[in-house]
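Residue numbers (the working numbering), protein chains in the order written: chain A, 24 to 135; chain B, 197 to 310.
Honestly, the hints are just simulated from the structure, not real lab data.
Among the hints, a few may not be true.
Stated by the list, open to error - Straight line, CA to CA, 25 Å or less: simulated BS3-like cross-link-like pairs of lysine-lysine: (1) B:Lys238 - A:Lys28; (2) A:Lys60 - B:Lys238; (3) A:Lys94 - A:Lys77; (4) A:Lys77 - B:Lys253; (5) B:Lys279 - A:Lys60; (6) B:Lys253 - A:Lys28; (7) B:Lys292 - A:Lys94; (8) A:Lys91 - A:Lys28; (9) A:Lys94 - A:Lys79.
To be verified - So the derived list for chain A, only partly shown, Cβ under 10 Å to chain B, looks like this: (10) Val27; (11) Asn30; (12) Glu38; (13) Ile41; (14) Ser74; (15) Phe85; (16) Phe88; (17) Gln104; (18) Ala114; (19) Thr127; (20) Gly128; (21) Thr132; (22) Pro135.
Glycine included, every Cβ here is placed at the ideal spot set by N, Cα and C.
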Amino acid sequence: DQQVKQNSPSLSVQEGRISILNCDYTNSMFDYFLWYKKYPAEGPTFLISISSIKDKNEDGRFTVFLNKSAKHLSLHIVPSQPGDSAVYFCAASADTGNQFYFGTGTSLTVIP
Amino acid sequence: EPEVTQTPSHQVTQMGQEVILRCVPISNHLYFYWYRQILGQKVEFLVSFYNNEISEKSEIFDDQFSVERPDGSNFTLKIRSTKLEDSAMYFCASTKDRGAYEQYFGPGTRLTVT
Chain A
24 DQQVKQNSPS
34 LSVQEGRISI
44 LNCDYTNSMF
54 DYFLWYKKYP
64 AEGPTFLISI
74 SSIKDKNEDG
84 RFTVFLNKSA
94 KHLSLHIVPS
104 QPGDSAVYFC
114 AASADTGNQF
124 YFGTGTSLTV
134 IP
Chain B
197 EPEVTQTPSH
207 QVTQMGQEVI
217 LRCVPISNHL
227 YFYWYRQILG
237 QKVEFLVSFY
247 NNEISEKSEI
257 FDDQFSVERP
267 DGSNFTLKIR
277 STKLEDSAMY
287 FCASTKDRGA
297 YEQYFGPGTR
307 LTVT
C-alpha cells in the first residue's frame, strides 16, 4: 500500500537553479513529514521536517511546502549545488516519533 | 558528532540460516527502529522499540524476526530462518524520545541470502 508516493524517480538540474522535489500522500491522518537525503552506501540523513499545522518550513537553502488539501508536499533547494546530488526520500507519520512511511525516492543530479 | 553504527556492513548467509544484525544507537536516545530497503524499492518500516519492548511493528515483522537490547548499548535484529526475499539493506535508526521526529540512521547492513 503506497501511502507516500514520489512519482519522479529522477531529476536533473543545473547548478545554481532551483530543484523541486515532489511527494504525495494518501493518508489524511499523517501529521508530520520529513525529507531525508541519502548518498550511496550510507543511511538516510535527516534534512528538514514540517508538521501539519504549518504550510512552510525553511532551513537555509531548503524549504518544504505542505498543501494539506492536496495531500502534497514539496522540497525546494535554492540554489542547487553539485553536492546536493543524492536520493531524496519523503516520509510521513500519523503518530509522533513512531512508524514512518517512506516514498520510493527521487534521485537528484545537479549538473555543474 | 554522535552517530548510529551498524555491524557488519555486509552479511552473506545461506537460506534457512539465522542472522543477527547489530546496531549501536546514539547513547542518549530512547527510541530505536529497524527499517529495510530491498534493492530499488522504498525504505520500509519494520519495528520500533522503546523501554525494552516493541512499540510498533509492521506486517513485514513476522515471527521470524525479533529484536533485543541485550545491554545498554546494542540493539539487535535477529532473522531466525532467512529467505531469499530477506535480501535487503537493513537500517537501524534512533531518536531522543517519542516527541522527537528526527531519526538518525546508521549506514546500513547489506544482507545477501543465497
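Against the structure, the hints:
no. : hint               : in the structure
1   : B:Lys238 - A:Lys28 : holds, 10 Å
2   : A:Lys60 - B:Lys238 : holds, 13 Å
3   : A:Lys94 - A:Lys77  : holds, 13 Å
4   : A:Lys77 - B:Lys253 : violated, 29 Å
5   : B:Lys279 - A:Lys60 : violated, 30 Å
6   : B:Lys253 - A:Lys28 : holds, 21 Å
7   : B:Lys292 - A:Lys94 : violated, 28 Å
8   : A:Lys91 - A:Lys28  : holds, 15 Å
9   : A:Lys94 - A:Lys79  : holds, 14 Å
10  : Val27              : holds, 8 Å
11  : Asn30              : violated, 13 Å
12  : Glu38              : violated, 27 Å
13  : Ile41              : violated, 25 Å
14  : Ser74              : holds, 8 Å
15  : Phe85              : violated, 14 Å
16  : Phe88              : violated, 18 Å
17  : Gln104             : violated, 21 Å
18  : Ala114             : holds, 8 Å
19  : Thr127             : holds, 4 Å
20  : Gly128             : holds, 7 Å
21  : Thr132             : violated, 17 Å
22  : Pro135             : violated, 27 Å
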